[in-house]
Amino acid sequence: MINFTQDAGFGLRGRNKSEKRFQWAGRGAIAISLAFLVIMFFSIISTGLGALQQSQIAVTVDLSAEEVDPENVGDTSFNSLLKKSLRNAFPEVESRKDKKRLYGLVSTEAAFEIERQITQDPSLLGGPQTLWVTASDDADLYISGQVDTDLPEKQRRVSDAEIALLDKLMASGAARETFNKGFFTSGDSREPEIAGILSALMGSFLTLLVCFVLSFPLGIGAAIYLEEFAPKNRMSDLIEVNINNLAAVPSIVFGLLGLAIFLGYLGLPRSTPLVGGMVLALMTLPTIIIASRAALRSVPPSFKEAALALGATPVQAVFHHVVPVAMPGMLTGAIVGMAQALGETAPLLMIGMVAFIVDVPTSVLEPATALPVQIFLWADAPERAFTEKTAAAIIVLLTFLILMNLIAILLRRKLETRF
Amino acid sequence: MKQMTITPAAAPDPRKENPAMEQAFIQARGADVFYGDKQALFGIDLDIEEKRVTSLIGPSGCGKSTFLRAINRMNDLIPICRFDGSLTIDGQEVYDPAVDVVALRAQVGMVFQKPNPFPKSIFENVAYGLKIHGMTPSKSEMADRVEWSLKSAGLWDEVADRLDQPGNSLSGGQQQRLCIARTVAVAPKVILMDEPCSALDPIATAKVEDLIDSLREHYTIVIVTHSMQQAARISQRTAFFHLGKLIEVGNTKDIFTNPREEQTQNYITGRIG
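These protein sequences, in sequence, are chains Y and V.
Just so we're aligned, residue 1 is where the first sequence starts under the numbering used here, counting upward by one.
Just so we're aligned, residue 1001 is where the second sequence starts under the numbering used here, counting upward by one.
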């Protein structure tokens, strides 16, 4: 009788087993990488969410005409006003040391915040007002419940005396947590509670803009020439090998190149998105060229042949029929290159974009820093609150990376020509 | 299936019978083509008459497509390909250094084996050649010319209401006729066809064959085909290639009924190929 089961011979038992083995190995590999991805996202998001919350403390400030001259608000020392109101709130605090501790509960920015609120709403003037000001980073830790009071006092950032003060504030409803809008609307700061990401975000945007404007036309131009027009000989082989090698060159080397040529030789301004973008463009070019060449190669040669046979010049044939079909692929390559550039830190360190930048840059010639550099800087800071900021900045960076990749996918779907 | 509806005109081989006769429309003399070190065509002497359909037949790799692509210099696209000898169209040497291949290809159109419409609309497919050559300055002229071309290719009635749809939404046979419309739009003198029906079903093939027959009035057509029935149906003259050499050329009827060479006899009876 004929046998069609796996016992029929042909070494089928062994062959089937190895099929199964490979498939399970593949599934295992995917599961492991997904697990690490989930762990990474979980740890970053759980840490970073804290930075989106901010603690505020209510202070009752005397804004009567005796203290603040309504005609000349700027002359007032809001700092001493703030200290006075804090002292009033805690009359029991007497020693110099304890007072200093009390003043440390609010951010060093708090006096400016009061002044800002008055400028925005002059009707506050005339009597005592209760205003919310940002708490210091250590106070924020306690208010948001991140201080382990079981630890010995020496191992905590918040002392017993500060805890006593904060407990009293919280009991009287004078401490609250709100959404930290400032994180997205202000620049970097030495004080973690008021440090924001906008300057880095703007810096990254301007840098990427320069990078794209330079590398996209250059990259696809080079790819089109190399793929469609360059004679195929030793020279073009050599160029191809070198482009592939350049794509693998560590990015810090491009940073050194930028330092030597753009800053040293050409004398362009340090720390600016212009130079950062130029360096990143150098780094992105090979990626764009390689992706664009692959896209061009995938266009059926019959389009070009048909155009040439109709009497199109080679440039017409390529630009009318090959490039439009390859464009989605080239754009995808460019966006992937941009996403790489967005996450790049090392070359920017070399050209001075690692500076401490408080102001939000508005042009490519102003000193700026970039998102990954900001992450690097914050990760280096000792304050516990900067850890949260670091994670939050990573979330922002990842969000933009995911967005860019999403755009790449959507563009490809939308523009793809079927043939 | 229609069979032998076209009676080939009984014209004698002008070159062999009357050497003093004026130059043929397309005339190859000692045409050699090399791919690198490998020679693909050996001293081809071939005359192709104006406003006739000439078939090039022969087994795969015999050089018939190479010869076809030598006529409009599509072989130039292959960097290692080299041409020796002489090839004239209407007395003009095609391989003269002064020849601009763009001008050559604008007047010697080509239809490929696989239908290859541009990934654009039907209208734009036909209008493309007109646009790049600046042949139709106004929009209405362009539309007229596109309509005329599609009518010439017998495709107008099928696509008149959907000119804005992509060319590759058509069926294979329609696509091939679109490619022919695209070619005739720029009013070439010669149309080269490289196995235009090999990717088509018999019904689409019959339509394209009818079309080729009707185009004969205005164009000189050279067609490479693997199908001897097709060569017999549509061409007035047939040239048989074998191993890079032109074995025999003559009136289609003579080639198929009374070949002079034994190799031709063997090929058309299916003994080599």
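Everything labelled a hint here was simulated from the structure, so no lab data went into it.
Just so it is clear, CB atoms sit at the ideal spot from N, CA and C, and this is done for glycine as well.
There's no promise every hint is true.
[Said to hold, decoys possible] Here are the simulated DSS-like pairs of lysine-lysine, each with C-alpha atoms no more than 25 Å apart in a straight line:
#, chain 1, residue 1, chain 2, residue 2
1, Y, K97, Y, K84
2, V, K1151, V, K1051
3, Y, K99, Y, K154
4, Y, K414, V, K1253
5, V, K1120, V, K1253
6, V, K1120, Y, K232
[Unchecked claim] According to the in silico footprint, chain Y covers these stretches of chain V (three or more CB under 8 Å from chain Y):
#, stretch
7, 1073–1082
8, 1128–1142
9, 1178–1192
10, 1200–1206
Do the hints match the structure? See the list:
1. K97/Y to K84/Y: 16 Å, holds
2. K1151/V to K1051/V: It holds: about 19 Å lies between the C-alpha atoms, which stays within 25 Å.
3. K99/Y to K154/Y: 20 Å, holds
4. K414/Y to K1253/V: 54 Å, violated
5. K1120/V to K1253/V: 41 Å, violated
6. K1120/V to K232/Y: 30 Å, violated
7. 1073–1082: holds (count 3)
8. 1128–1142: n = 4 at 8 Å, threshold three: holds.
9. 1178–1192: Since 4 is at least three, the answer is holds.
10. 1200–1206: violated (count 0)
In summary, the structure is inconsistent with hints 4, 5, 6, 10 from the numbered list given earlier, while agreeing with the others.
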